[in-house]
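K.L.:
Letter by letter, the chains look like this.
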Amino acid sequence: MKPRQQRLLAVGLAAAGLLIATALTLKAFQKNMMFYIEIADVVAGNVPDDRNFRVGGLVLEGSVEKTPGTLETRFTLTDLANELPVSYTGVLPDLFREGQGIIAHGRLDAQGRFVADTVLAKHDENYMPPEVAESLKQHAAAKSAARDAAAVQE
Amino acid sequence: MIPEIGHFALVLALSLALCQGVLPLVGAHRNNAALMAVARPAANGQFVFVLIAFASLAASFLQSDFSVLYVANNSQLALPAIYKFSAVWGAHEGSLLLWALILCGWTAAVARFSRDLPEAFSSRVIAVLGLLSCGFLLFMLLTSNPFERIFPAPADGVDLNPLLQDPGLAYHPPVLYTGYVGFAVAFAFAVAAMLSGNLDRAWARWTRPWTIWAWCFLSVGIALGSWWSYYELGWGGWWFWDPVENASFMPWLVGTALIHSLAVTEKRGLFKSWTLLLAIAAFSLSLLGTFLVRSGVLVSVHAFATDPARGLFILMFLGVVIGGALTLYTLRAHTLDSDAGFKPLSRELFLLLNNVLLVVAAALILMGTLAPLAVEATGGGKISVGPSWYEFAFAIPMLPLLFLIGIGMHTAWRHQPQRGLWRQVKWPAAIALVAGVAVPVLVYGGSGLLVIVGSIAAFWIISASLVYPIRSWRRAPGTPGITRAAAGMAIAHFGVGLFVLGVTVVSAFGVEDDLRLAPGEPVEVAGYRFEMQGLANVEGPNYRAVEAEVEIRKGGEYVATVRPQERTYLVQQNPMTEAGIDAGWNRDLFVALGQPLGDGTWSVRLQYKPLIRFIWFGAVIMAIGGAVAASDRRYRLYAEARQGQAAAAEEPA
Numbered sequence: 190m191k192p193r194q195q196r197l198l199a200v201g202l203a204a205a206g207l208l209i210a211t212a213l214t215l216k217a218f219q220k221n222m223m224f225y226i227e228i229a230d231v232v233a234g235n236v237p238d239d240r241n242f243r244v245g246g247l248v249l250e251g252s253v254e255k256t257p258g259t260l261e262t263r264f265t266l267t268d269l270a271n272e273l274p275v276s277y278t279g280v281l282p283d284l285f286r287e288g289q290g291i292i293a294h295g296r297l298d299a300q301g302r303f304v305a306d307t308v309l310a311k312h313d314e315n316y317m318p319p320e321v322a323e324s325l326k327q328h329a330a331a332k333s334a335a336r337d338a339a340a341v342q343e
Numbered sequence: 163m164i165p166e167i168g169h170f171a172l173v174l175a176l177s178l179a180l181c182q183g184v185l186p187l188v189g190a191h192r193n194n195a196a197l198m199a200v201a202r203p204a205a206n207g208q209f210v211f212v213l214i215a216f217a218s219l220a221a222s223f224l225q226s227d228f229s230v231l232y233v234a235n236n237s238q239l240a241l242p243a244i245y246k247f248s249a250v251w252g253a254h255e256g257s258l259l260l261w262a263l264i265l266c267g268w269t270a271a272v273a274r275f276s277r278d279l280p281e282a283f284s285s286r287v288i289a290v291l292g293l294l295s296c297g298f299l300l301f302m303l304l305t306s307n308p309f310e311r312i313f314p315a316p317a318d319g320v321d322l323n324p325l326l327q328d329p330g331l332a333y334h335p336p337v338l339y340t341g342y343v344g345f346a347v348a349f350a351f352a353v354a355a356m357l358s359g360n361l362d363r364a365w366a367r368w369t370r371p372w373t374i375w376a377w378c379f380l381s382v383g384i385a386l387g388s389w390w391s392y393y394e395l396g397w398g399g400w401w402f403w404d405p406v407e408n409a410s411f412m413p414w415l416v417g418t419a420l421i422h423s424l425a426v427t428e429k430r431g432l433f434k435s436w437t438l439l440l441a442i443a444a445f446s447l448s449l450l451g452t453f454l455v456r457s458g459v460l461v462s463v464h465a466f467a468t469d470p471a472r473g474l475f476i477l478m479f480l481g482v483v484i485g486g487a488l489t490l491y492t493l494r495a496h497t498l499d500s501d502a503g504f505k506p507l508s509r510e511l512f513l514l515l516n517n518v519l520l521v522v523a524a525a526l527i528l529m530g531t532l533a534p535l536a537v538e539a540t541g542g543g544k545i546s547v548g549p550s551w552y553e554f555a556f557a558i559p560m561l562p563l564l565f566l567i568g569i570g571m572h573t574a575w576r577h578q579p580q581r582g583l584w585r586q587v588k589w590p591a592a593i594a595l596v597a598g599v600a601v602p603v604l605v606y607g608g609s610g611l612l613v614i615v616g617s618i619a620a621f622w623i624i625s626a627s628l629v630y631p632i633r634s635w636r637r638a639p640g641t642p643g644i645t646r647a648a649a650g651m652a653i654a655h656f657g658v659g660l661f662v663l664g665v666t667v668v669s670a671f672g673v674e675d676d677l678r679l680a681p682g683e684p685v686e687v688a689g690y691r692f693e694m695q696g697l698a699n700v701e702g703p704n705y706r707a708v709e710a711e712v713e714i715r716k717g718g719e720y721v722a723t724v725r726p727q728e729r730t731y732l733v734q735q736n737p738m739t740e741a742g743i744d745a746g747w748n749r750d751l752f753v754a755l756g757q758p759l760g761d762g763t764w765s766v767r768l769q770y771k772p773l774i775r776f777i778w779f780g781a782v783i784m785a786i787g788g789a790v791a792a793s794d795r796r797y798r799l800y801a802e803a804r805q806g807q808a809a810a811a812e813e814p815a
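Line by line, the protein sequences are chains A and E.
For what it's worth, our numbering labels the leading residue of the first sequence as 190, then goes sequentially.
For what it's worth, our numbering labels the leading residue of the second sequence as 163, then goes sequentially.
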């Protein structure tokens, strides 16, 4: 083959490969991407019902209970303003504990309980998942603003 | 005192790096021998000073000098000495120092082994490496000084992250970085070729061994990281498509494409501008990986130290390096074209396909890694991309590639007659079909489209790569045997086959189960019976642990006893799971403790992982193949020939 044809062949193959790969992967991408959803939205029911999503927050102090005889753990996830009951069956990560920031993957059941199939706690005691940190900051700011407003009214 | 020496040595290294980066470039441009002669001594001097800095930091760690902030943050009196040493690169500042040291090491090696190259060319290569080193040393001195002091010094340090207290930390980062940074040499060769406007087959021959060595280190480094996360993170997976893993995998894919494309450039003088582009891309992806890991823009288990200022610096550095190289490329690449051609059925075609598929795979992974950033930036919400997408997307370019490997290996350069090709591959094809179906069905008792396809691909590559070695072994006495380059290729592809077999079998037949394990109540997973024999408290040097004794039996016969631990590190009060693993060549049995459920009962994660060792073993064999190919005689012969020529030229006529 002459160089011109060679280049054409190379470009053609690359383009065809990329096209097929892009088409297939974009389709798969839509199916597989997981949204992070604020607890407030989850509680309000604004969640995708056909697929898993992620929620994050603090494990509420005193909320962790094991179901005897099984590996099920139930706890409450909070963003300091809203609370979401969560159930998870399996081995929890080492750093899962009350007061810790965690992220869970799963979906809502009919009773509004979040059934997690994965629970992630980062391997650093002071670590806060960025999504959780952001939503906590917003709620804390909202609370203090409300307090200030109340103080002004008094 | 010692930390100040280290700090001072870094500043001196930066000054030398500046000289090394600027003077030889000017010298090569003006053909000034004196300026070009600066390159080698400057490179050696820089290496010595960075080594002094590194030794100072190591000394501060070994003496537990907690007046150094970095030491106080990453060490502790009771930390075992080996971890005090490996803690040098346990966090951000020190790992940059290791990076700089390795870059200087590669540069010194180039200075040492490039004496037979034209002076102007080797000066340019060393100068480009010097400029890269400037960037890293500046980065360290401006944003991440490992020698920063803290007054008053704390009485004890806050300990090394427990995850990193493992021999894995001692060997995984240095090997991985050696690979990562090694692509800087290929990059420097590419930039030097573009600066001189002269890219011939000799250029490819000089670049090839360096690139292959870097690729070998990167392969082993990635495999070590995968093995480490398997036994240390307690999850029992071997690859998570985590952004940081992707950051090391993308340069590997592009680097693999590069070593194949270099073969075409050396043998046939083709694909020149494409090879340059790959050399630029491989190193740019290494830098991008550093940016992703160090800036904290992506959430990842590895991103333990993050800081926006650092991210900004690396982003700017990335812009200068990639922008500069690509500008040079647009100016010069069109002057490098060649006129040779090739027939449709030839080795060139298969190497072209190899390159296209590998680059598509790297592009897909890049897309998955950056998609969360892009979606969030455009207001689409916070998303994450799961492993199942990566597995699917990666398989699209890889499956055809696996089948093409076996044919490509047996195709001649320029033109391959069809009938000869069939004679070469009919036996491997037959073996692949039989073994590929028989192994999953007879050994593991299962089938399925993906399993059969994966297993046929694995046996196809394994048997196809054995054709040359077998023929060489059975050759008539007196005829030449297989060359090192061909042997290296066969070994590396054999490793690919083992790897594919391991991945296929462990994905299809591996079993993972979270269960309750109570004393006297054995549970069964994948035909193995796990029984809790007892629990004991164990004291480590800087941790307390609960250790379980779990006996494993199969069909009543004793197999092994494993002792998984749940550790609590005393300083940081972090719990850590230490898995109990019974490793065999054909399967691993894996027990990790979860939480205590009362009465000596624990939640445990039990796993059966058939052929998982083939994954890491295959990667190591690939690297061995690379090493065999890179030590081929012709690279040395060429050097000797040139020296001979030079000696002949010096003799008076």
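Be careful, since some hints might not be right.
[Unchecked claim] Think about it this way: if two alpha-carbon atoms lie no more than 27 Å apart in a straight line, the pair counts; the simulated DSSO-like pairs of lysine-lysine are: (1) LYS216(A) with LYS588(E); (2) LYS588(E) with LYS505(E); (3) LYS326(A) with LYS544(E); (4) LYS544(E) with LYS220(A).
Just so you know, these hints were derived from the structure itself, not from any lab.
Quantities reported herein were computed from a predicted structural model and do not represent experimental measurements.
K.L.:
Output the numbers, in ascending order, of every earlier hint that fails for this structure.
P.N.:
1
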